[in-house]
Amino acid sequence: MVVKELYSILVSVEGMTCNSCVESIEDKIGKLQGVYSIKVSLDSKNAMMFFDPTFQTTESLREAIDDMGFEASVSV
Amino acid sequence: MTKHEFFVDMTCEGCSGAVTRVLNKLGGVQFDIDLPNKKVFIESDHSVDLLLETLKKTGKNASYIGTK
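Protein sequences, first through last, are from chains A and H.
Per the working numbering, the first sequence starts with residue 5, numbered consecutively.
Per the working numbering, the second sequence starts with residue 33, numbered consecutively.
Among these hints, one or two may not hold up.
As the list claims (entries may be wrong) - Straight line, CA to CA, 25 Å or less: simulated SDA-like cross-link-like pairs of lysine to any residue:
#1 K88/H <-> T21/A
#2 K35/A <-> E85/H
#3 K89/H <-> Q60/A
#4 K57/H <-> Q60/A
#5 K32/A <-> T99/H
#6 K49/A <-> T99/H
#7 K35/A <-> K89/H
#8 K89/H <-> T99/H
#9 K49/A <-> T52/H
#10 K49/A <-> N93/H
#11 K88/H <-> K8/A
#12 K89/H <-> T21/A
#13 K70/H <-> Q60/A
#14 K57/H <-> G34/A
#15 K89/H <-> K8/A
#16 K43/A <-> R53/H
#17 K70/H <-> K8/A
#18 K57/H <-> D70/A
#19 K8/A <-> D56/A
As the list claims (entries may be wrong) - What follows is a list of derived Cβ distance ranges for each label pair:
#20 M33/H <-> S12/A: 44 to 52 Å
#21 E37/H <-> E27/A: 24 to 32 Å
#22 E75/H <-> S41/A: 36 to 44 Å
#23 L67/H <-> E9/A: 21 to 29 Å
Derived by calculation from the structure, the hints in this document are not laboratory data.
Just so you know, even glycine gets a beta-carbon here, dropped at the ideal spot from N, CA and C.
Starting from the given sequences, assemble the full structure and let the hints guide the process.
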């Protein structure tokens, strides 16, 4: 069994006010190559993602959300 | 500058905020957003395709209606 090394990242996301914003982010970012799972929380204003480091980096994911028009910052 | 009219499936303040940010990031546009009617009016020299592509970055369903 190949154990895939997954990274997780928590990105705080400003600008979401309703569930449809959550859905569009989960839908679009979830489809990115290497993103295994994504959970966006409206009330805590952040997005939790598990991804394969060979395809994505913290910066590429933060930028992907930023590109959608939401203020994304990595809360390290 | 031609004035274009787009349909963007915005359902709330947050969605129109996202449209505002992607358009500001693109630059070279003057726009106003009619949230209740899900319309975005953009005055710009950019091509319709570029404007549409930018609007679609928000993950929302967007389509071109025509020039005003």
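Q: Would you check the hint for K89/H and T99/H, treating anything up to 25 Å between C-alpha atoms as holding?
A: holds, 21 Å
Q: Sort out whether T21/A lies within 25 Å of K88/H, counting only the CA atoms.
A: holds, 19 Å
Q | Hinted pair K70/H and Q60/A, Cα distance within 25 Å | A | Violated, because 33 Å separates the two Cα atoms, which is more than 25 Å.
(Q) Holds or violated: K70/H and K8/A, Cα atoms, limit 25 Å. (A) violated, 43 Å
Q) Keeping to a limit of 25 Å between CA atoms, is the pair of K43/A and R53/H held or broken? A) Satisfied, since the Cα-Cα distance of roughly 23 Å is no more than 25 Å.
Q.
Run the distance test for K89/H versus Q60/A: straight-line Cα separation, threshold 25 Å.
A. holds, 18 Å
Q) Is the hinted pair K32/A and T99/H satisfied, with a Cα-Cα distance of at most 25 Å? A) violated, 29 Å
Q. Falls inside 44 to 52 Å, the C-beta gap from M33/H to S12/A?
A. holds, 46 Å
Q) Is the hinted pair K88/H and K8/A satisfied, with a Cα-Cα distance of at most 25 Å? A) violated, 32 Å
Q | Straight-line alpha-carbon gap K89/H to K8/A, limit 25 Å | A | Violated, at about 30 Å.
(Q) Please check whether L67/H and E9/A have a Cβ separation lying inside 21 to 29 Å. (A) Given a distance of about 44 Å, which is not inside 21 to 29 Å, the answer is violated.
**Q.** Pair hint K35/A and E85/H, alpha-carbon separation not exceeding 25 Å
**A.** holds, 18 Å
In summary, the numbered hints that this structure violates are 5, 6, 11, 13, 15, 17, 23.
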